[in-house]
Structures are given as C-alpha cells and as structure tokens.
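Spelled out, the chains give:
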Amino acid sequence: MIVLKTNNLTKIYRKRHLGKLYANLAVNNINLEVKENEIYGLIGLNGSGKTTTIKLILGLLFPTSGEIFVFGQKMPNRNMLSKIGYLPETPYFQRYLTGKEILNFYCQLTKIEFADIRIKEVTEIVQLGENINKRINEYSKGMLQRLAIAQSLLHNPSLLIFDEPVSGLDPVGIREIRNFIKLMKSQGKTIFFSSHLISEVEKICDRVGILHKGELKRVIDHKEWELKSLEEIFLETIEK
Amino acid sequence: MKEIIAIIRYTFKENIRNKTFYVLLLFTIILLFISTLLSVLGGGESIRILYDFGLVIIEFFALLIIVFSGVNLLLEEMDSKALYLILTRPIPKEYYLLGRYFGLLYSVILSMIFMSIIHIILLLYTGWEPNFSYFVSIFFSGLKITIIGALAVFFSLFSTSRVSALVFTLFIWLLGHFNQEIKFLIDKISSTILQIVMRLLYYIIPNLQFFNFRELSDSGIVFSKIILNVLIYGISYSCICIIFSILLFKYKEF
Amino acid sequence: MQNFRLKNLDMIILLTVSIMLVNSLVILNKNFNYPFKLKKIVMSKYAILDLSSIIFGIRKFGADIAWIQLLQYYGTEEDELTGHSINKGHTHHHCGLEYGSGKYYDFLKLSKRIINLDPYFYNAYLYSSACLAWNLNRADEGLKILDEAINNKPDYWQFYLYKQAIIYKKLDKYREMVYTLEKVVKNTNCPTIIKVILANTYKKMGEFERSLSLWLEIYKSGDIEYNEYAKREINYLRNVKKKL
Chain A
1 MIVLKTNNLT KIYRKRHLGK LYANLAVNNI NLEVKENEIY GLIGLNGSGK
51 TTTIKLILGL LFPTSGEIFV FGQKMPNRNM LSKIGYLPET PYFQRYLTGK
101 EILNFYCQLT KIEFADIRIK EVTEIVQLGE NINKRINEYS KGMLQRLAIA
151 QSLLHNPSLL IFDEPVSGLD PVGIREIRNF IKLMKSQGKT IFFSSHLISE
201 VEKICDRVGI LHKGELKRVI DHKEWELKSL EEIFLETIEK
Chain D
1 MKEIIAIIRY TFKENIRNKT FYVLLLFTII LLFISTLLSV LGGGESIRIL
51 YDFGLVIIEF FALLIIVFSG VNLLLEEMDS KALYLILTRP IPKEYYLLGR
101 YFGLLYSVIL SMIFMSIIHI ILLLYTGWEP NFSYFVSIFF SGLKITIIGA
151 LAVFFSLFST SRVSALVFTL FIWLLGHFNQ EIKFLIDKIS STILQIVMRL
201 LYYIIPNLQF FNFRELSDSG IVFSKIILNV LIYGISYSCI CIIFSILLFK
251 YKEF
Chain H
1 MQNFRLKNLD MIILLTVSIM LVNSLVILNK NFNYPFKLKK IVMSKYAILD
51 LSSIIFGIRK FGADIAWIQL LQYYGTEEDE LTGHSINKGH THHHCGLEYG
101 SGKYYDFLKL SKRIINLDPY FYNAYLYSSA CLAWNLNRAD EGLKILDEAI
151 NNKPDYWQFY LYKQAIIYKK LDKYREMVYT LEKVVKNTNC PTIIKVILAN
201 TYKKMGEFER SLSLWLEIYK SGDIEYNEYA KREINYLRNV KKKL
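Residue numbers (the numbering used here), protein chains in the order written: chain A, 1 to 240; chain D, 1 to 254; chain H, 1 to 244.
FYI, nobody ran anything at the bench for these hints, they're computed from the structure.
One thing to keep in mind: the hints can contain errors.
Stated by the list, open to error - Listed next, the in silico DSBU-like pairs over lysine-lysine satisfying Cα-Cα at most 35 Å (straight line):
| hint | chain 1 | residue 1 | chain 2 | residue 2 |
| --- | --- | --- | --- | --- |
| 1 | A | K100 | D | K225 |
| 2 | A | K213 | D | K252 |
| 3 | H | K170 | H | K153 |
| 4 | A | K83 | D | K225 |
| 5 | A | K134 | D | K81 |
| 6 | H | K183 | H | K103 |
| 7 | D | K252 | A | K134 |
Use the sequences and the hints to build the structure in full.
Printed below as a string of structure tokens:
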C-alpha cells in the first residue's frame, strides 16, 4: 500500500520587493511514493528542498501545482493529520511549561482519551523519565528532541515524518534516534524523514530519494548501496 | 470547541508564567499604592483622584499587555516554529487563532479584575462609598481592551513587521479616543476630498469614546439607553477584526 | 463541496456581524451626544499635557492633575511665584479689570484649565469661584466660572446658590449672603472652603458661637488642608467666648 504519494509537486516562492517580483523554484515536479512500513530517507544538500517538501505534505505550505496523497486521500485533509506524527528540525516549546503540560496540551488537541496513561507510555518509549516534570527552559538539546519525538507519538500515528531528526545531536543521541526509528518500523509504522547525514541514512533506510536543486533525481533501494556506498551514488547523482 | 479551550488554557499558563507579565503587574500594583500619595495632594478631592488614577492605571496596564502580547501572540510562535506542532494536528487553523486570542484576553481581564480588587480596597480604606459606576467603568475598559486586542492580532498578520503592527495598534488607540473631535472637525474642513477621507476614517476607526464610561459617568449621558448598542458595537467590531485575522491566517504559509 | 459550503458560512457570518456593527454605529451616532467640546488651550505652558489627556481619553485624570496644580499654585507663597514681594503694590490687568492686590494672577486660567478638561468636575467650579470671590476678592471672575458651570450643567442647583451668594457679597449684602451660604453648607457634598468662608463671615459679623460650631464641624470632618487652621480658630473663639 502506498502511504504517501506526490504527483508533479511544485513549489515556487514568490516575493514582491519594491515593486519587483522575485520567484524561487524550491521544489520542481516531485513524484515520490512511500510504501507502508518502510523507512524512506530524503537526502540532499542544504537548500535542496527537503524541508519544503515536508511542509507541503503537512499543509504548512501550499503547492504551486501538483497533488499530495496520504493514505489515498488528497491533501489538505485535516483528518489525515491525525495519522501523521511530525518532528520538526528544531522543535520549540513554550519555555515556562513543563514537559508533561506540553504533552497534555497536545493530547487535548488530538482528543486523546486517558491522556495521563498515554503520556506515561510515550515518556517510557523516549526515556524521558522524571524530566517530564521539569520546565522546558531546563531541558538540554537531547531532552528537547526526546520530548519532540514523544509529542509525535501521542496519537499513535501510522506515518511518522521527521525533518532532520539527528541534527545537532551527539553520537549517543544519534544512535538512540536510529534505534527508535527501527523500533517504530517494527511496530508497523511508516517513517519518512529528511537528512543530509548520508552515513546515518545508509544504516536504517529501505529506500532513499536524492533531492537536488528541488528535483527528485533518483530513488535508490537499499540493495543498491550494499554494492556501492550511498555517498558515492549521491555525489554521482548530484554531479550529473 | 474543546481544542479552543485547551489552547486558551495553554495561552493563559504561558502568560501568567511569563516574567515580563509579572513585572508589569507588580509595577502597576506599586503605582496604585503610589497613587494614594498623589491623592493626598488633591485636598478635598483625594478620593476622586485615587479613583480616577486607579482606573487609568488599570486600563493602561491592560493596554500595554494586550498590544505587546497581541502583536507577538502569533508572530512569536511563527518565528520559533512552535506553531508547526499545532497546525500539523487535526485542528482547524481558526481554532488556534481563537484560542490564542481568548487565552490572552482571559489573562488580561483576570489581571484587571485582580488590580480592581486592590484598587477597591485602597478606595474603601480612604472612605469611598462603593457605587455601580466603578464596575461599569471596568467592564467597558475591558471591552475597549477586547477591541484593541483584536486589532493587534489583525495588524500582526496584516503588516510585515512587529514594529509596524505595534505602531498601527497604538495609533488606532489614540485616534479611537479622538474620534469625536474628528467628527467635530469634519464640518470645519473646506476641501471635499479631505472631508470624505476624514469621514471614512471616522467610521472605520473604532470609536473608543463609546466605551469611556469612566470619563462620561458624570456627564449626564443616559447610558441605559445606549448600553446594548455599545455592547453590540464592541463585540461586532472585535469579531470583524478576528474574522479578517482568521482569513489572513488561513491563507498564510509557514 | 464541503470546503465551498464552509466558505459560504464564513461569508454569512461576516455579513451578519457587519450588519450588526453598522446598525449599532448608526444608532449610537444618533443617540450618543458627546459631552465634551473642543476648547482653546488656556495655558500654553500645559498645552502638551492637556492635549495628551484628550488624545489618550483621560480627560478626568488630566483635570485631576490640573486640580493638584491649582492647589499647589494657590498653596505656594506669592513671593515664590512672582519673584517679588506683594507689598510693593503691583497693579495688574486681567480680562480688562484692574486689581490692586495682584495676587495669584493665574488662578482663573488654572481653574479654566480644569473645567475645560472636565466640565463635570463640579467641586472645581465651586471651589474656584469661592476662592476668587471671597479669598482673592475677584467676584467677577468667580461669577465667570459659575456662568460657565451653569452653561455646562444647568440643573445643578448649587451653582445658582453660589452665584447668589457672590452677588450678595459684591453688593455688600452680608446678611443675604450668609443666608444663602447656610443653605449651601447643609448639603453633605459642600466643599470645606465654603464652611470656612461662612465661619469667617460669622466671626466678622460677631456671631462667635455660630463660627465656633462651624469650625468644630470642619475640624471633625478631618480635612487635612484645614486641620491646623481649624484648631487655631477654635482656640481663638473659645478664648473670645471666655472673655465674653
């Protein structure tokens, strides 16, 4: 089953400044498909359009042209958002609230019953422990990332979309994220994430899409980089 | 509906734990106490001075909070991207905006009530005889704040920067109190084009004098005749600002 | 289709609210009589302050500040204000009238400031007119203040009473003036200054008992401004009473 699909997805940023119109082609005719229960990595250089693609899927941006389908439903579809768990690149939470209050708030937004139980469950998964009762301004980068993952899991989504999940983490943190993603896959979830750390992507993905200058240049199956390193394939693709 | 209430609670907690909010609240309470010293200078009118000064301080505090917080309400979350985690949930965008607006309003109105209680205690201590006018004045100040809050949110989405949104909102506050004088001046202007522009301004800018019960209570205006229309005017003006804000917000990209 | 229906709903809500707004505005424009008029700035020194009070919608508070400034002015020694001794016998022209004393030249202007900002500050009219008429011996200016008061609030009966008292004073009809002031002091909101004026008038007329009774009332009222003055007068009148 195809969980996520885009048809000729294009996004042009238009800006008017002093009467002049500036256009920037961020994403151009992207056709990607993410299958159920697979880990799909979207890799590319900085500014290649990874975050734009993710924002288009989630409805934070409106496509200039093209279509997006999630679980067969055309987006934007608010009901489909309840099946998606999102982790932004730099998660931000209100500094004066505690982790528990934040998670409770998100439970209320997604109408989760027995919120306390669910918060306890996700807190155990991300191993936040007692830190959940601390205020956000006392959290380290790693703790923030854990909390961000926790909020993405609250409503038990089938599709997880992560934007640069290992950005800014130490090697221990990176390993934990890697193990977590594998755990989610084992629970039947589909994971779609963007990264520019090819070494990490190589270790866990089933398929990888290479994004360069807004275009999806190539989609590679994990069998291909068992023969030749993903880094070589990536560099070859972008240099063409 | 439950989502709006959740966002209201979230916004309220955010405000009451914000140090800036507390500092301003504390500062205003100190000013209220200082006003008792000022009232001593008023001779036989000490109660009147304490009464007037207190009401003005309470309204100005509420104005400061609502303007600065109202302008930053959405912009801060947009800049920090905290908004992403809310908008990627299955709630309508307008629920978020309504929740944030009402949450802010709730924080400010509650603070106004708290300060009014302190003010009333000070007044009673000086021998003031409680009257209904006081509560009506506070109520209409609250309604004024509601309108200005809605305008602050609208300008924050409409204009390109925080500073311009702040300036526009404060400017409207001033013009709103000067509206009646503008009406008076319209007839004195000879230029037809200028007259049309001024008349347009007069109708578009909210007439905050309608809500200035604090100033008008002694003037002999029979408020019971117009109170319903003042309420409708205040609520509908705020609603229109919020509706336009929702429309702007719905089509905004993040 | 669902989105289209929702957009229709948005338009309906917007239209309904707009109609309510316009309707209420039309009704308010007809029925709301703004009670304040734009008047000339009386003292350029305080122009910015007064204008700010109007623009910020805090006229009453502006009037309160102006009131404090008037009391501060009136409570300051003339020497400090003018920089020269009052004993030199200056003659000054104010509004075409000539005064021998030349005291507190700006009293009328400062009073006008208050009533321009808040035309419903009744006690300001009463206090200013009383001070001008009795203390500063400028009955015409006092009457000017009261005429403006009556123009702004024609149904406030006390203004007529005060006016009557000042006219009697001007015509040296002290008995009639006392009779009028006695009516005024019966009112619970009567400013203390009126009681002081009446008490002093009783003293002048030799009615020490009545004067003493009024001074005791002033002292009991606890008005800080007249406390010391009341104490002195009570002691003096009691001594006079003993001697008699």
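These are the hints, each one checked on the structure:
1. A:K100 <-> D:K225: This hinted pair is violated, its Cα atoms lying about 51 Å apart.
2. A:K213 <-> D:K252: Holds, at roughly 25 Å.
3. H:K170 <-> H:K153: Within the cut-off at roughly 24 Å; holds.
4. A:K83 <-> D:K225: Given that 35 Å is the threshold and the Cα spacing comes to 54 Å, the pair is violated.
5. A:K134 <-> D:K81: This hinted pair holds, its Cα atoms lying about 21 Å apart.
6. H:K183 <-> H:K103: The hint holds at about 30 Å.
7. D:K252 <-> A:K134: 34 Å, holds
In this structure, the hints that do not hold are numbers 1 and 4, in rising order.
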